[in-house]
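Chemist: Each chain is listed here by its residues.
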Amino acid sequence: MSDQKKKKLTPVQQEYHSLAKKREIQRPVIKNCVKAFFVGGFICFIGQFVQTFYIHFFDFNERTAGNPTVATMIFIAILLTGFGVYDRIGQFAGAGSAVPVTGFANSIASAAIEHRSEGYVLGVGGNMFKLAGSVIVFGTVAAFVVAIIKTILGQWGGL
Amino acid sequence: MRVGHRTWLFHNKPKIIGTGTICGPFEGEGKIPNDFDTIHADLWLGQDSYEKAQKVMFEEACIKAIEKAGLTKEAIEFILAGDLINQITPTSFACRTLSAPYIGLFGACSTSMEGLALASLIVNGGYGNNVLAGTASHNTATEKQFRYPTEYGSQKPPTSQWTVTAAGAAIVSKDGEGPIVTSATLGRVIDMGMTDPFNMGGAMAPAAVDTIEAHLKECKLDPSYYDYIFTGDLGTIGREIALDLFKKHHIPVNREQFQDCGLLIYKEDQPVFAGGSGAGCSASVTYGHLLNRMRQGEIKRMLVVATGALLSPLSFQQNESIPCIAHAVSIEAGGVY
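First to last, the sequence lines map onto chains S and C.
Mapping of the first sequence onto our numbering: residues 23 to 181, in sequence order.
Mapping of the second sequence onto our numbering: residues 51 to 387, in sequence order.
Looking at chain S on its own, in the form it has when it is part of the complex:
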């Protein structure tokens, strides 16, 4: 916990925090990182395999094969979400299954499934982007900022 947060606590609360901290089971960070690395890598490996498949058997080149590959990965992720498997992979892999496009698909599909009971419009439609919405918003904002920096440096800065 940050020091600033701690300052707001009374001495009794602070004492309790340090007592409770000792009993808290820590996240196995290194183990989680290793798992995330390998599962994330494996998902990308499958993606690469799918891309090669499209290039080899269909009329795609390395540039155009991206779209059908992403679509296929999303399809698989949504299927696994629907079958109730993806959340188990997520518990095991953490960021490994959350960071690739499959994690994004899972966040949308899981919210859509969850809120199906409230109807199609207010339930599915209204809640689908409950988790993914912030990714889209901040992804767009970040892209905008980066584009401005690139424009300033590239066109006017003469880099």
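Honestly, the hints are just simulated from the structure, not real lab data.
The structure presented is a predicted model; accordingly, all values stated were derived computationally and were not measured.
The reader is advised that the hints may include incorrect statements.
Simulated pairs of lysine to any residue, SDA-like, Cα-Cα distance not exceeding 20 Å [what the hints assert, rightly or not]:
#	chain 1	residue 1	chain 2	residue 2
1	S	Lys44	C	His299
2	C	Lys206	S	Glu140
3	C	Lys102	S	Cys55
4	C	Lys102	S	Ile135
5	S	Lys152	C	Thr200
6	C	Lys298	S	Val34
7	S	Lys43	C	Asp294
8	S	Lys57	C	Lys206
9	S	Lys44	C	Gly243
10	C	Lys267	C	Val53
11	C	Lys206	S	Ala120
12	S	Lys152	C	Lys206
13	S	Lys152	C	Tyr198
14	S	Lys53	C	His299
15	S	Lys43	C	Leu293
16	S	Lys44	C	Pro207
17	C	Lys206	S	Cys55
18	S	Lys152	C	Arg197
19	C	Lys298	S	His39
20	C	Lys194	S	Glu140
21	S	Lys44	C	Arg305
22	C	Lys298	S	Arg45
Following the hints, position chain C against chain S.
Modeler: Structure of chain C alone, referenced to chain S:
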């Protein structure tokens, strides 16, 4: 009669004459499947939403309790119940089919003992003869409300707990035979400034210790008076912290005597992280497993302390800390069964 500041002694011996406990498939695979009256193999219970499933589960628990007490629905005079879902709708909806006057309660996971304490108070005071107290929780309905969608692939930390899919109901009566509710100590809201919603045990432990301490002091009892002190859903972490706090406050509660309902319900190899939680956890374990052990003569006196974290998804997103509460009810074996 009240002793001390917040303990009620029940001299007219309100008894728990009937109980009903219902659980879901995951709990059925746990450590105490034989103590449930009905185990559902389907998490949906044949309904089209999890909230409806919880409603049905609570209904079934009530009906089972009434049946086992040898009563009819009409004999129930008051219902004191609640749950964790928004505006406690599953409980209120379930009470549509039970025609008795209904008092909705919210004490998060402490609702079970809050209900039992109030039901005993009504019966002890002569304001009712047969009062039903109960609560239910459903894993996925609770996850949906408090955390992420159930199929979302997030990684839970080892401090998190697993919400129990179970319902428990008990009928407290003036007449009949059964375990006697002897006293109850009501909890204060305790806030130790904990903010992690994935560490409920750590947030709730001080509330449990506060209530137990008050109970022992006000009843002038030594912890050894009780065969067991059961907490509702502290889990492994909360239990360890509570034991540390007892040591610090010089209260001689020993490790074997201090058990947790959230740790009794599941097997060690089930992936429930730090243990079970939820309103249905303490209700179903107490009314099923613990009262069965009492009927078998294994437990003579026990103190059940249901702990609750009084947070909402909104409050923790607004960076509020998690206030907690714990209610204790003392149950003693009495008479012949």
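Chemist: Are the hints correct? Go through all of them and say.
Modeler: For each hint, the structure was consulted:
Taking the CA atoms of S:Lys44 and C:His299, the gap is about 18 Å. The hint holds against a cut of 20 Å. For the given pair, C:Lys206 sits about 26 Å from S:Glu140 by alpha-carbon distance, which is inconsistent with the 20 Å threshold. Restraint check for C:Lys102 and S:Cys55: not satisfied, since their Cα atoms lie roughly 39 Å apart, outside the 20 Å limit. The hinted pair formed by C:Lys102 and S:Ile135 meets the criterion: a straight-line CA distance of about 16 Å does not exceed 20 Å.
Distance check on the hinted pair: S:Lys152 and C:Thr200 sit about 13 Å apart at the alpha-carbon level, within 20 Å; holds. For the given pair, C:Lys298 sits about 13 Å from S:Val34 by alpha-carbon distance, which is consistent with the 20 Å threshold. Our distance criterion of 20 Å between C-alpha atoms is met by S:Lys43 and C:Asp294, whose separation comes to about 12 Å. The suggested pairing of S:Lys57 with C:Lys206 holds, with an alpha-carbon distance near 14 Å, which does not exceed 20 Å.
Restraint check for S:Lys44 and C:Gly243: the C-alpha separation of about 16 Å stays at or below 20 Å, so the hint holds. This hinted pair checks out: C:Lys267 and C:Val53 have alpha carbons roughly 10 Å apart, not beyond 20 Å. Taking the CA atoms of C:Lys206 and S:Ala120, the gap is near 13 Å; set against the 20 Å cutoff, the hint holds. Our distance criterion of 20 Å between C-alpha atoms is met by S:Lys152 and C:Lys206, whose separation comes to about 19 Å.
Restraint check for S:Lys152 and C:Tyr198: the C-alpha separation of about 10 Å stays at or below 20 Å, so the hint holds. Proposed proximity of S:Lys53 and C:His299 is contradicted: the alpha carbons are some 37 Å apart, above 20 Å. Straight-line distance between C-alpha atoms of S:Lys43 and C:Leu293 comes to about 14 Å, which keeps the hinted pair within the 20 Å bound. Using a Cα cut-off of 20 Å, the hinted pair S:Lys44 and C:Pro207 holds, with the two alpha carbons roughly 16 Å apart.
With a CA separation close to 14 Å, the supplied pair C:Lys206 and S:Cys55 stays within the 20 Å bound. A threshold of 20 Å between alpha carbons decides the hint, and for S:Lys152 with C:Arg197 the separation of about 12 Å falls inside it, so the pair holds. With a CA separation close to 14 Å, the supplied pair C:Lys298 and S:His39 stays within the 20 Å bound. For the given pair, C:Lys194 sits about 12 Å from S:Glu140 by alpha-carbon distance, which is consistent with the 20 Å threshold.
Our distance criterion of 20 Å between C-alpha atoms is met by S:Lys44 and C:Arg305, whose separation comes to about 18 Å. With a C-alpha separation of about 15 Å, the suggested pairing of C:Lys298 with S:Arg45 holds against the 20 Å cut-off.
In terms of the numbered hints stated before, the structure departs from hints 2, 3, 14, listed from lowest to highest.
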